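Trainee: Spelled out, the chains give:
Protein chains: 2
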Amino acid sequence: MAVLFLKEMKYKPNDPRNPSSDRFVLSKGHAAPALYAAWTEVGLLSVDDLLTLRKLSSDLEGHPTPRLSFVDVATGSLGQGLSNAAGMAYVGKYIDKASYRVYCVVGDGEAAEGNIWEALAFASYYKLDNLVMILDVNRLGQSQATPLQHDMDVYQKRCEAFGWHALVVDGHNVNELLSAFSTARSIKERPTAILCKTVKGADFLGIADEENWHGKPLGSRSAEVIRDLEAKLKVGASGDIGSTLGRLKPSPPVDDCTPMKLIGSISLPSPPQYKLGELVATRLAFGNALARLGQVCDRVIGLDGDTKNSTFSIKLRDSRPAQFIECFIAEQNMVGVGIGCAVRQRTVPFVSTFGAFLTRAFDQIRMGAVSQTNCNFVGSHAGVSIGEDGPSQMALEDLAMFRAVTGSTVFYPSDAVATERAVELAANTQGICFIRTGRPNHPVIYQPTELFAVGRGKVVRSSGTDTDQLTIVASGVTLFEALRAAELLAAENIQVRVIDPFTIKPMDGALLKQAVQETCGIGDAVEQALSQAGIAHTVHRMAIREVPHSGTPTELLHKYGIDANAIFLSVKRVLTTIKS
Amino acid sequence: MAVLFLKEMKYKPNDPRNPSSDRFVLSKGHAAPALYAAWTEVGLLSVDDLLTLRKLSSDLEGHPTPRLSFVDVATGSLGQGLSNAAGMAYVGKYIDKASYRVYCVVGDGEAAEGNIWEALAFASYYKLDNLVMILDVNRLGQSQATPLQHDMDVYQKRCEAFGWHALVVDGHNVNELLSAFSTARSIKERPTAILCKTVKGADFLGIADEENWHGKPLGSRSAEVIRDLEAKLKVGASGDIGSTLGRLKPSPPVDDCTPMKLIGSISLPSPPQYKLGELVATRLAFGNALARLGQVCDRVIGLDGDTKNSTFSIKLRDSRPAQFIECFIAEQNMVGVGIGCAVRQRTVPFVSTFGAFLTRAFDQIRMGAVSQTNCNFVGSHAGVSIGEDGPSQMALEDLAMFRAVTGSTVFYPSDAVATERAVELAANTQGICFIRTGRPNHPVIYQPTELFAVGRGKVVRSSGTDTDQLTIVASGVTLFEALRAAELLAAENIQVRVIDPFTIKPMDGALLKQAVQETCGIGDAVEQALSQAGIAHTVHRMAIREVPHSGTPTELLHKYGIDANAIFLSVKRVLTTIKS
Chain A
1 MAVLFLKEMK YKPNDPRNPS SDRFVLSKGH AAPALYAAWT EVGLLSVDDL LTLRKLSSDL
61 EGHPTPRLSF VDVATGSLGQ GLSNAAGMAY VGKYIDKASY RVYCVVGDGE AAEGNIWEAL
121 AFASYYKLDN LVMILDVNRL GQSQATPLQH DMDVYQKRCE AFGWHALVVD GHNVNELLSA
181 FSTARSIKER PTAILCKTVK GADFLGIADE ENWHGKPLGS RSAEVIRDLE AKLKVGASGD
241 IGSTLGRLKP SPPVDDCTPM KLIGSISLPS PPQYKLGELV ATRLAFGNAL ARLGQVCDRV
301 IGLDGDTKNS TFSIKLRDSR PAQFIECFIA EQNMVGVGIG CAVRQRTVPF VSTFGAFLTR
361 AFDQIRMGAV SQTNCNFVGS HAGVSIGEDG PSQMALEDLA MFRAVTGSTV FYPSDAVATE
421 RAVELAANTQ GICFIRTGRP NHPVIYQPTE LFAVGRGKVV RSSGTDTDQL TIVASGVTLF
481 EALRAAELLA AENIQVRVID PFTIKPMDGA LLKQAVQETC GIGDAVEQAL SQAGIAHTVH
541 RMAIREVPHS GTPTELLHKY GIDANAIFLS VKRVLTTIKS
Chain B
1 MAVLFLKEMK YKPNDPRNPS SDRFVLSKGH AAPALYAAWT EVGLLSVDDL LTLRKLSSDL
61 EGHPTPRLSF VDVATGSLGQ GLSNAAGMAY VGKYIDKASY RVYCVVGDGE AAEGNIWEAL
121 AFASYYKLDN LVMILDVNRL GQSQATPLQH DMDVYQKRCE AFGWHALVVD GHNVNELLSA
181 FSTARSIKER PTAILCKTVK GADFLGIADE ENWHGKPLGS RSAEVIRDLE AKLKVGASGD
241 IGSTLGRLKP SPPVDDCTPM KLIGSISLPS PPQYKLGELV ATRLAFGNAL ARLGQVCDRV
301 IGLDGDTKNS TFSIKLRDSR PAQFIECFIA EQNMVGVGIG CAVRQRTVPF VSTFGAFLTR
361 AFDQIRMGAV SQTNCNFVGS HAGVSIGEDG PSQMALEDLA MFRAVTGSTV FYPSDAVATE
421 RAVELAANTQ GICFIRTGRP NHPVIYQPTE LFAVGRGKVV RSSGTDTDQL TIVASGVTLF
481 EALRAAELLA AENIQVRVID PFTIKPMDGA LLKQAVQETC GIGDAVEQAL SQAGIAHTVH
541 RMAIREVPHS GTPTELLHKY GIDANAIFLS VKRVLTTIKS
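Going down the list, the sequences are from chains A and B. 368 is the number that UniProt numbering gives to position 368 of the first sequence; each next residue is one higher, with no gaps. 156 is the number that UniProt numbering gives to position 156 of the second sequence; each next residue is one higher, with no gaps.
A couple of the hints might just be wrong.
The list treats identical chains as interchangeable, and a pair is accepted whether it falls inside one copy or across any two copies.
Stated by the list, open to error - When the alpha-carbon atoms are kept at most 27 Å apart in a straight line, the in silico DSS-like pairs for lysine-lysine are as follows: (1) K572 to K513; (2) K10 to K249; (3) K200 to K157; (4) K97 to K559; (5) K249 to K12; (6) K127 to K157; (7) K188 to K157.
Don't read these hints as lab results, they were simulated from the structure. Values in this document were obtained by computation on a predicted structure and should not be read as measured data.
With the rest of the complex left out, here is chain A:
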């Protein structure tokens, strides 16, 4: 940390968010105190600030979060930082085309996470020679020694096999580190890994290289340990005693990158181009909208996990290849890279794959919320309507997952017009946005001029406030089943209201409240919205309740009881119950 912050990195200590500055990611977030100490050495924090560590009133939290000006991405769930750093380095090299470099400190314990190996493969594939990984091989995990302990040779072979230039150094030796960073700057077309053999708690009396000290304060031993450390400092440093505070200053960056503010400024070049009744899959509308946004803003980018011909993100790849990052089948890294790309609003990323496969990166998405990311996610092939591929490919848990993410916005557009507007809104909405798209073609039900907003649903069918007997809330494929059910019911003189909520989070509470008051009432989100409004209600849920089977979409909607006929029968049953 001392070599990085005082000699190697180029930045302005009083302006951590400067876009030209070198970036630093502490993937092993539990080493936060070392990060805070570094920013104290360079003058941004005071020694008094350091003493507020882990207090409620202080942003010097247990693990770093972007509540601090010098933290771009939150870390603490291990093995994610290198993907974030790779995203920043990708943007630096290919989009900003700037000279800043990205440094990432990774722990040896977290190097067991597959996400790290996905990131290593990504970084070498894209020749990120502006990225340096510093691997802290201190031999000890939380509860026991790491699998490879101090086998530096194996670490080196693995990194080299993954396409990196890999150097082994004594991580406590300043000169070896300086030389390694200098070599890293000279290596072209490959990222560099500096593999540091270190001792955990080095020089700490009775603690160095010992187990059972992970994350523990020194307690009653602190006085003795500090006295011993100070004595060692005197011996080793030929007159230089104690801190370097104020004596070494980092070099300033090359000023070749300008600040950006993208969110709030991105519009589709023209209204969606569909005709009422035209059959269009929402996944195709997503691809169209992404390509159209990409046309008007060269910072709108797409990330894909080798499903671009199914999600239709390929439309952006084909029209704006420089704004498209193929991440191959490695969703954790894809999400981490997306979050890294979104840092400091350098880009507005749309990360897409099958909705089911976004579950692969739930931890990364969750950490994205802690990172205050503006990264957008699009999950296609929702629900059983994807058909014969079977349950492994069907997104059934995606809404629950994204609803649970703090501060998220969850779009579930039902037609192509609504989908294009969802993409436009997501690009301009702070926090994590998720858009759920579907595989089958459905008719366009909204005019190109229809206005959409987050948290505003649409009444797509109503016979009038006095005659609607019940409200059906449905999205996507089930909205069309609900509309068919409404026809069947109308033929029996039963009028129902059908609501398309557009966003599942937030739910349009006012529209639902009105519907409940005027009539009587999608699962968890609907109930929560009603309860927040203090409205007593019952909700009859219709959803997949078992592991689905392969079959045609029509067969599956029928088998699992969410087709028009099932809705028709349910409504009649509910009305009978109410009347009795």
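Keeping the supplied structure of chain A fixed, place chain B upon it in accordance with the hints.
Mentor: Only chain B this time, still in chain A's reference frame:
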């Protein structure tokens, strides 16, 4: 597939579940038709069966699931099968101590998944020489070429660096494959990777090695392609035309492994040993219960992600080291190995780490449901009550995640007695079970003799059916806050009922119904239970609604409005609203 199923593997074609048989995992599940064809060649399926592929009435689904007798684990979400196979191989070598071997076919596209590298590291660390990975390097992904294409040398270096014996062969050459499998059998203390250079759609006219054929039927070209294939067969096989149907027979297994039926048979050796009022963390009670179950059943095993000294699974490691698998910081592999260990009820696994980090493996857990697994998951350090470590370590999404998993059972025990019973119940419950545990100590509130059941809550405080004005449903740390709030309210002559639901899924609908009817009501699960019972209701939710900060547990419960005082004020506000 032909070499594996007709020459290499030892099994009985008419008894696929025989425990002594070699096991096969098709990690690239989209190649399911090849698997179904193999079982047709050996006589378990008929050619007519094959023609039901992907139909609703057929179990020959788009991707393999254990609805088929010869499938142990569902595949189709990529990069997971090798972990499952490693779990089976671990059990084979160390627990069954039997001679069966485990074969896993992995695609090159899915080799980009970090999960694969976690599994490779795990298998070599544990010297699983009964495990063979067959890597199908066919160069093409779904939407474009793979990153490494046919660079066999890099694949070999990577596998070797991860500790495997790695051989490169022509994947279409029967003799090379036979020789490689023979070598694999001779390699000791290391797993073997057979890296097969193949051509996608080999020998298919106009399709071989071409893009845009992934997952597509031949359509109008089928007649021509089949004619060409048949012509090629005649040329190459010196008189052997077409199928080997019935002519080659696999060798039978060495009969050294007996069937097991564990679920339903596992009991704690004695009631939980806690005194009322004793302060015990539920995570500690989990550790105690796991060790106690492990004592009476040597097939109860624990899997850890280097958090065992925090989750207290270390209690099993210390008392029964042979029943404990340290998986290091690689949660995706840990879950996949757990699912592999649970196959055919060879073991009853408990996979534990911080609840927050189980989100890392949501896709694997979701696939566990499709796999009909009986693997159990335990997530500790739930909610803000973990304190100063900050939001990255706090499980806030775990309940939403596990509730969304098909067929899951979700336990949220509030004291040590309930926790021990939850562990015992989970061991005996089919499907995925999740137990949420907490970090802080709380008083024991149940007698050692208290009976617990899935879906049965407890009324922990009530003044009587006529006097309770409102019901509070709470679990874990918030149950104790609710009990304190109830005291504060009683001092103002407001009586409330307090319910501990014990399981969040299923929720005790009858108990809630009674409470709503007698009084007036944790979030989504409560509302769903009430709506399923057709009871009109309002639910006032109290939960974390923003990314929490570091701080002491008490400070955080206060700051985010879920402590006793906040509950006290909420109850008064709700009662005022009802009365007005």
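Trainee: Out of the numbered hints, which ones does the structure contradict?
Mentor: 4
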